[in-house]
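**Student:** Residue numbers (the working numbering), protein chains in the order written: chain A, 22 to 252; chain B, 22 to 252.
I should point out that these hints are in silico values taken from the structure, not numbers from a laboratory.
Treat the hints loosely; a few may be bogus.
The list treats identical chains as one, so a pair stands whether inside a single copy or across any two.
Capping the alpha-carbon separation at 30 Å, the derived lysine-lysine pairs in DSS-like fashion look like this [as the list claims (entries may be wrong)]:
id: 1; residue 1: K116; residue 2: K250
id: 2; residue 1: K146; residue 2: K250
id: 3; residue 1: K146; residue 2: K116
id: 4; residue 1: K250; residue 2: K113
id: 5; residue 1: K213; residue 2: K114
id: 6; residue 1: K220; residue 2: K113
id: 7; residue 1: K146; residue 2: K114
id: 8; residue 1: K114; residue 2: K250
id: 9; residue 1: K220; residue 2: K146
id: 10; residue 1: K113; residue 2: K213
id: 11; residue 1: K213; residue 2: K116
id: 12; residue 1: K190; residue 2: K213
id: 13; residue 1: K220; residue 2: K250
There are 2 protein chains.
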Amino acid sequence: MLVGTTHAGNIGGAARAMLNMGLTRLVLVQPQALFPCAEATARASGADDLLENVQVFDSLQDAVQDCILVFGTTARERSVAWQIFDPESCAKKIKETSGEIAIVFGREHSGLTNEELDVCHAAVKIPTNSQFSSLNLAAAVQVVSYEIHKAHLISETHLKPRHPSAPAKELEMFYAHLEQTLIEIGLHNPEKPRRTMRKLRSFFNRSQPDSSELALLRGILTETQRSIKVK
Amino acid sequence: MLVGTTHAGNIGGAARAMLNMGLTRLVLVQPQALFPCAEATARASGADDLLENVQVFDSLQDAVQDCILVFGTTARERSVAWQIFDPESCAKKIKETSGEIAIVFGREHSGLTNEELDVCHAAVKIPTNSQFSSLNLAAAVQVVSYEIHKAHLISETHLKPRHPSAPAKELEMFYAHLEQTLIEIGLHNPEKPRRTMRKLRSFFNRSQPDSSELALLRGILTETQRSIKVK
Numbered sequence: 022m023l024v025g026t027t028h029a030g031n032i033g034g035a036a037r038a039m040l041n042m043g044l045t046r047l048v049l050v051q052p053q054a055l056f057p058c059a060e061a062t063a064r065a066s067g068a069d070d071l072l073e074n075v076q077v078f079d080s081l082q083d084a085v086q087d088c089i090l091v092f093g094t095t096a097r098e099r100s101v102a103w104q105i106f107d108p109e110s111c112a113k114k115i116k117e118t119s120g121e122i123a124i125v126f127g128r129e130h131s132g133l134t135n136e137e138l139d140v141c142h143a144a145v146k147i148p149t150n151s152q153f154s155s156l157n158l159a160a161a162v163q164v165v166s167y168e169i170h171k172a173h174l175i176s177e178t179h180l181k182p183r184h185p186s187a188p189a190k191e192l193e194m195f196y197a198h199l200e201q202t203l204i205e206i207g208l209h210n211p212e213k214p215r216r217t218m219r220k221l222r223s224f225f226n227r228s229q230p231d232s233s234e235l236a237l238l239r240g241i242l243t244e245t246q247r248s249i250k251v252k
Numbered sequence: 022m023l024v025g026t027t028h029a030g031n032i033g034g035a036a037r038a039m040l041n042m043g044l045t046r047l048v049l050v051q052p053q054a055l056f057p058c059a060e061a062t063a064r065a066s067g068a069d070d071l072l073e074n075v076q077v078f079d080s081l082q083d084a085v086q087d088c089i090l091v092f093g094t095t096a097r098e099r100s101v102a103w104q105i106f107d108p109e110s111c112a113k114k115i116k117e118t119s120g121e122i123a124i125v126f127g128r129e130h131s132g133l134t135n136e137e138l139d140v141c142h143a144a145v146k147i148p149t150n151s152q153f154s155s156l157n158l159a160a161a162v163q164v165v166s167y168e169i170h171k172a173h174l175i176s177e178t179h180l181k182p183r184h185p186s187a188p189a190k191e192l193e194m195f196y197a198h199l200e201q202t203l204i205e206i207g208l209h210n211p212e213k214p215r216r217t218m219r220k221l222r223s224f225f226n227r228s229q230p231d232s233s234e235l236a237l238l239r240g241i242l243t244e245t246q247r248s249i250k251v252k
């Protein structure tokens with residue numbers, strides 16, 4: 022998934038990079054470049070089917086709602102105590118996970134906003150020269166796609182999967198419920214910087230609850246709300 | 022080393038890809054693109070020192086004469102009974118070798134000639150989708166440079182660790198607090214089989230909260246208890 026891409030050439034370059042590595046689903050979120058366009062097609066260099074099947078969304082939330090795992094790429098160390106993967110461990114994680122997974126790449130100059138990163142469950146950071154760390158967008162897609170392809174070439178490992186993680190939509194409903202409950206018990210002031218929720222999201226994103234775990238947690242929230250109102 | 026490059030943009034893109042990974046010596050052999058030029062500079066995106074120090078040679082033999090190890094990149098399986106490395110093992114080999122090493126990338130459309138490959142000591146082949154195997158030149162440079170950078174990072178620590186998980190004692194105190202709160206909100210009947218707590222423990226054990234996360238979660242429990250009592 023490419024968010025807010027400015028240069029059409031990078032969309033084409035990303036499409037080529039993905040198909041070179043056997044990946045075929047490209048999603049654009051609020052592209053700033055005109056698309057489709059000749060420059061994207063030229064840079065895609067034959068990955069035409071992939072470009073024709075690109076989906077475009079208005080918001081990242083909508084784009085990832087069926088995904089059970091969403092990686093956000095970042096060039097910086099973020100202050101949030103997030104789980105940060107390198108491309109190799111990200112690829113390994115993807116291989117071990119069944120269900121739809123998104124890897125989100127931000128704008129050429131500014132990457133992803135904190136709000137967009139909040140939608141993600143984990144971060145991927147490509148190790149770079151700290152003096153010159155900003156990769157071209159298509160190059161970053163190339164590196165991550167390459168690691169995914171490489172991981173799939175390695176003979177299958179047999180890790181017993183847990184229940185599949187809940188899709189992003191369910192997780193978001195849980196966060197909304199949690200935030201509402203925190204407000205009701207007086208812990209969380211929505212006017213203040215959302216540090217509390219960010220920290221809680223970081224914890225639960227890392228934990229990847231499945232649907233039945235989310236149902237249990239939401240049951241606790243519902244009982245909490247009921248208890249306050251009854252008394 | 023880039024041999025016979027047709028598009029100046031690819032020279033700039035390769036320069037950027039290299040510098041992103043901490044590599045600084047770019048050599049051109051018989052470039053077909055005009056160089057230096059504005060497009061190369063634009064695509065280099067700030068890797069100007071590297072571009073200014075590019076050396077240009079008329080023949081690959083001349084270019085590699087001081088190298089003790091020369092890798093030629095290839096997209097095809099060659100008939101020559103050569104040692105073919107993938108980028109990761111190539112990077113490992115480079116790390117183990119002291120002395121000048123060259124990695125030679127061929128023309129955009131036709132790669133390296135057999136005569137040029139004869140000058141090389143070994144081949145590097147990037148694993149790709151066999152149905153769509155031709156990488157953009159700068160993207161190929163990106164992948165190989167990335168593996169070289171990664172190999173050099175391995176001895177150092179590069180993944181930022183999370184805070185250490187909380188000790189078992191703290192986790193048990195959290196579970197006791199959680200259980201007490203569940204009883205107070207009426208969700209949890211301690212007489213019944215403890216399925217609820219078991220499931221919650223399984224979730225939190227897997228998530229390995231750190232001490233500050235546990236403190237936050239216990240803060241929520243405390244506020245929940247207080248809210249019930251106040252009303």
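**Student:** Look at each hint and say if it fits the structure.
**Tutor:** Taking the hints in turn, this is what the structure says about them:
Taking CA atoms no more than 30 Å apart as the test, K116 paired with K250 passes in neither setting, with 46 Å inside one copy and 48 Å between copies. For the homomeric pair K146 and K250, neither the shortest alpha-carbon distance inside one copy (45 Å) nor that between copies (46 Å) is at most 30 Å. In this assembly of identical chains, the alpha carbons of K146 and K116 lie at most 30 Å apart whether taken from the same copy (18 Å) or from different copies (22 Å). Taking the closest pair of Cα atoms, K250 and K113 never come within 30 Å of each other, the shortest separation being 47 Å inside a single copy and 48 Å across copies.
With identical chains, the CA atoms of K213 and K114 are never at most 30 Å apart, being 35 Å at best within one copy and 38 Å at best between copies. When the C-alpha separation of K220 and K113 is checked against a cutoff of 30 Å, the pair qualifies both within a copy, at 25 Å, and between copies, at 27 Å. Taking the shortest alpha-carbon separations for K146 and K114, both the intra-copy value of 14 Å and the inter-copy value of 25 Å come in at or below 30 Å. In this assembly of identical chains, the alpha carbons of K114 and K250 never lie at most 30 Å apart, being 43 Å within a copy and 44 Å across copies at closest.
Only within a single protomer do K220 and K146 lie at most 30 Å apart by alpha-carbon distance; the minimum there is 20 Å, versus 33 Å between protomers. Proximity of K113 and K213 under a CA criterion of 30 Å is satisfied in neither setting, with 38 Å inside one chain copy and 41 Å between copies. Taking the closest pair of Cα atoms, K213 and K116 never come within 30 Å of each other, the shortest separation being 39 Å inside a single copy and 40 Å across copies. In the homo-oligomer, the alpha carbons of K190 and K213 lie at most 30 Å apart inside one protomer (25 Å), although the nearest pairing across protomers, at 33 Å, exceeds that limit.
Both within a single protomer and between protomers do K220 and K250 lie at most 30 Å apart by alpha-carbon distance, with minima of 27 Å and 27 Å respectively.
The structure is inconsistent with the numbered hints 1, 2, 4, 5, 8, 10, 11, although it conforms to all the rest.
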